[in-house]
Amino acid sequence: MLFRILKNSFLKRPKAVVLVFISIAMGAAVATAFLGIAGEVSHKMALELRSYGANILLEPAAVEGGGYLRETDLPKIKTVFWKYNITGFAPYLFGVADLSANGKKERAVVSGTWFAKQLEVPGEEASVQGIRGIAPWWEVNGRWPEGPDEAVVGASLAKRLNVGLGSEVGATVRGRAARFRVAGVVTTGGFEEEQLFAPLVTVQDFLGKPGQVSRVLVSALTVPMDDFGRKDPNSMSKDEYEKWYCTAYVTSVAKNVEEVMAGSRAKPIWQIASAEGALLKKLNAVMLLLTVLALGASASAVSTSLMASMAERSSEIALMKAMGADRFQVAAIFLGEVLIVSTAGGFFGYLAGNQLAALISHSVFNSAIASPLWLFPTAIVSAFLVALAGSVAPLRRALNIEAVRVLKG
Amino acid sequence: MNRRRWLIKLLLAALAHRTGRTLLLLSVLAMASSLATALGVVSLSMGKRVSEEVRKYGANLVVVPAAARLEVGSGGLNFGAISDPAYLDQGRVEKALASGGLKAERSFHLRGALRMKDADVLVEGVNFADVRRLFPWWQLRGGWPGPGETVVGSDLAQRLKLKAGDTVELTGTAQTLKLKVSGVVVTGGEEDDLFFLALPELQGALGLPGQLTEVRLLVSAEGDTLKDKAAALQPLLPDAKVREVRQIARTSEGLLAKVKLLMTLVTAVVLISAGSSVTGTMSTTVLERSREIGLMKAIGGTRWEVLLIFCGEALLLGVVGGVVGYLLGSGIAVFITRTVFSAAPEFIPWLSAVSLAVSLFLALLGSVGPMISVFKLDPVRSLRGE
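Residue numbers (the working numbering), protein chains in the order written: chain A, 1 to 409; chain B, 1001 to 1386.
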C-alpha cells in the first residue's frame, strides 16, 4: 500500500517531483564541487605560487669565499623529512671567465647548473630537478641545452658578445679553455642575463672544481609563518622544537635541508617566502568563506523548495487522514518521498558536482583533481538531511490539520 | 480602469493572504540576489586585492644604466659586481618617469664600494622610507636608521662582528663617514651582504651627487602588460635599460589571471545552481495554484489577464527580493573583505542593478515558465480538482 502510494505520487505529478529533484541535485552539485575543490585549491595555489621561484638558499657555511658544497650530497635533499614538500632544487657553480666569440672578448660569469636532470635516488621516486622546474619564468629563445658542450647565454651577454643561436663561445680561465655552443638565449630581467649557463659537470671540469657546488636554490611548499614560527628555534623547549620541526615553516624546511648538506647553511629567501605566506593565507580564507557561503545557500535553497512543495499538499494529507491513516503512516509516506527524491538528487548532484570540480580545476590549474571518496556518502546523506530539514515544518503543520475543515475547503 | 484596479486588488490579496508562501519566495529570491551581489563584489575586487598582495613580492621593473655592470648570481640573488660601474642621472630618470605618465612606486639605489679599515665593503644608498614601503620582507633587528646611521646585512654583520649600536668608519673617494649601526637586516638575499645608508650620504661619500646605479619600479599590474609598459618607458631613457623582472612580473600576471578565472567559475556555478533552485521553488508554488487559475478563467478572466496577475506578483516579489538581496549581499561582501583583506569594502553601484535583474529574472522565469502549461488548463476540469 505504502509503495503504491509512493509510486503514484511520483508518476501522477511528475512536474512537481522533477522540480524538487532539480533543486536537490543542484544543491548537492554545488556542495560537492565546493568541498571537492576547497581542499585542493589551497594546495594548487601553493604550487602556483612556487613559480615565483626558490624560497630557500643553501650556501657554504664558511661565508668568506672559498667554501663549496658537495654535489654528492644533493640527492639527499630528496630523502629528508620534508621531501614531499620540496618541489625542486637546482645547484649552481659560479666562476668568472674570459669569453670570446666572433673576435669579441668579454669577462663574464660562467654558471654550471642542472637544467632538467633525471635524478634517481634509491628508495625514492625518480624526479627531474633543475632550473626548468624551479624558474619557470625563464624565457629561452632557442632550446634548452642537451649536450655537455651546449649552453644558454643571457640576453645582455649575448648582445655584447654578438652571438646568436648556434654560435660558438670560447672560454678561458687560468690557462684552461672550453668551448660552448649556444643552444638558447635567455631573458629574465635579472642577473641571469649577464651569465652563461652550461651543464654542471662541464663547468666543474672547466673551472677545475670536480664535484663542487657553490649554491643550491631549493623550492619548497611551506605554510605561512605565524607567531610560533617566528620564535627563535634555539630558545625553544624540546616539545616546542619538535612542533616547530614538524610544521612546514620555511625556516624548519630550511633547517631540514641544511642538515643533509655537509658544511652548508640554509637561508629562507624572505622576499619570496613572506609574500607567499601572506598571499596563501588570504586566498585560503576567501575560499573558506566562499565555501561556507555556497554550502549555506545550497542548503537553504533545497530546504525552501521542499517547503514549497510540501506546503501545498494539505488536502492530500487531510484525505489520507479521513481514510483512517494515522500520523505515523502519513509521515512515512512523505518521508519516503523525500528519501527517494533526495537520494536520487544527491546521486546526480554528486556526479554533476564532480564534473564541475574537474572542470574548474582543469580550466584554472590545468590539472586533474582527485575528489575524496568520503564525498559520495556525504553528498547523499547531506542532501537527505537538508531535504528533511526543509520538510519538517510543513509536515508538522500538515499532521496537525483537521481533516474535515480542509476537505470542506 | 475598474478592471485594472480589480487586478491590482487581486494581486495584493493573493500575496497578503498567503503570508507564509510570500515570505518563503521573498527569502529565496533575496538569497539568490544576495549571492549574486556578494560573489560579484568579491570576485570583481579580487583582482585588485590580489594585485595589492602581489606587490609584496617587490619591484617588477628595474632601470639600470645601458652599460650595465656584470653581476654574479641567480634567482634574484646577487653575489657581487665584477666590472666598472656606470651611472644613471637621478634628475633625468625622475623627469622621464613623470613624462611617461607611468603609475609606479619607485626606489632609487646607488651601489658602490667603500673602504672599511683595510678591506672594501659593498654599500648601497637607499631612501629608507621607500624601502620600508616597497620591501616589506626586510626583517630588521634594531631600529630604522636616522641621519648618520646605517643598517648592516646579517651575514656582513656576522663577519665583521658588528651589532646595533656599534660605530663604523667608511671611507669613500670624496669623504669619510662615521656611522652608527642602527640595526641588522635579514632578507635571505643579496641584502645580507651589504651596508645600507641614506642615498645622499653615500652620494656625498663617493663624490657622485645625483647619480644612481639602479631604479626599481613597482608598477601596478592593471592595464597593459608589463612588457608593454617597459617598452613604453625605454625611449624616454636613452642611456638606460628598462628591464622587466620576469620572476615577479610574469608570475604575478599568471597568478592574477588564475585567481580571476577561479572566482568567475565559482561565481557562475553558485549562481546557476542557486538560480535553478529558486526557479524550481517559484514554479512549485505556481503549479499548485491551478485551481485558482481555473477559477479566474471561469469568472471570465482572459489568458492575458491571468498572465498579468502572475507576472505582477512575480515582479513585486522580484523587486523586493532584489533590494533585500542587494543589501544582504553587500553586507556579506563587506564581511569578507574586512576579515580576509582587512581592507575597506568597495561599493559597486551597478551591482545593485545586477542584483535586481537576477531576482526579477528568476521570479519571472519561475512563474511564467509553468504558466505555459497552466494555460492549457480546462477551467472546468481544474475546478473539479482533476
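Check each hint, because a few of them may be wrong.
Cut-off 27 Å, straight-line C-alpha distance, at most; resulting in silico cross-link-like pairs (BS3-like, lysine-lysine) [as the list claims (entries may be wrong)]:
{"#": "1", "chain 1": "A", "residue 1": "K78", "chain 2": "A", "residue 2": "K159"}
{"#": "2", "chain 1": "B", "residue 1": "K1163", "chain 2": "A", "residue 2": "K159"}
{"#": "3", "chain 1": "A", "residue 1": "K231", "chain 2": "B", "residue 2": "K1241"}
Part of the chain A face toward chain B, derived, beta carbon under 10 Å [stated by the list, open to error]:
{"#": "4", "residue": "A29"}
{"#": "5", "residue": "V41"}
{"#": "6", "residue": "H43"}
{"#": "7", "residue": "E139"}
{"#": "8", "residue": "G142"}
{"#": "9", "residue": "L351"}
{"#": "10", "residue": "A352"}
In case anyone wonders, no lab produced these hints; they're calculated from the structure.
Glycine included, every Cβ here is placed at the ideal spot set by N, Cα and C.
Going down the list of hints, with the structure as the test:
| no. | hint | in the structure |
| --- | --- | --- |
| 1 | A/K78 <-> A/K159 | violated, 38 Å |
| 2 | B/K1163 <-> A/K159 | violated, 44 Å |
| 3 | A/K231 <-> B/K1241 | violated, 42 Å |
| 4 | A29 | holds, 6 Å |
| 5 | V41 | holds, 7 Å |
| 6 | H43 | violated, 13 Å |
| 7 | E139 | holds, 6 Å |
| 8 | G142 | violated, 17 Å |
| 9 | L351 | violated, 14 Å |
| 10 | A352 | holds, 9 Å |
Of the hints listed earlier, those the structure fails to meet are numbers 1, 2, 3, 6, 8 and 9, in rising order.
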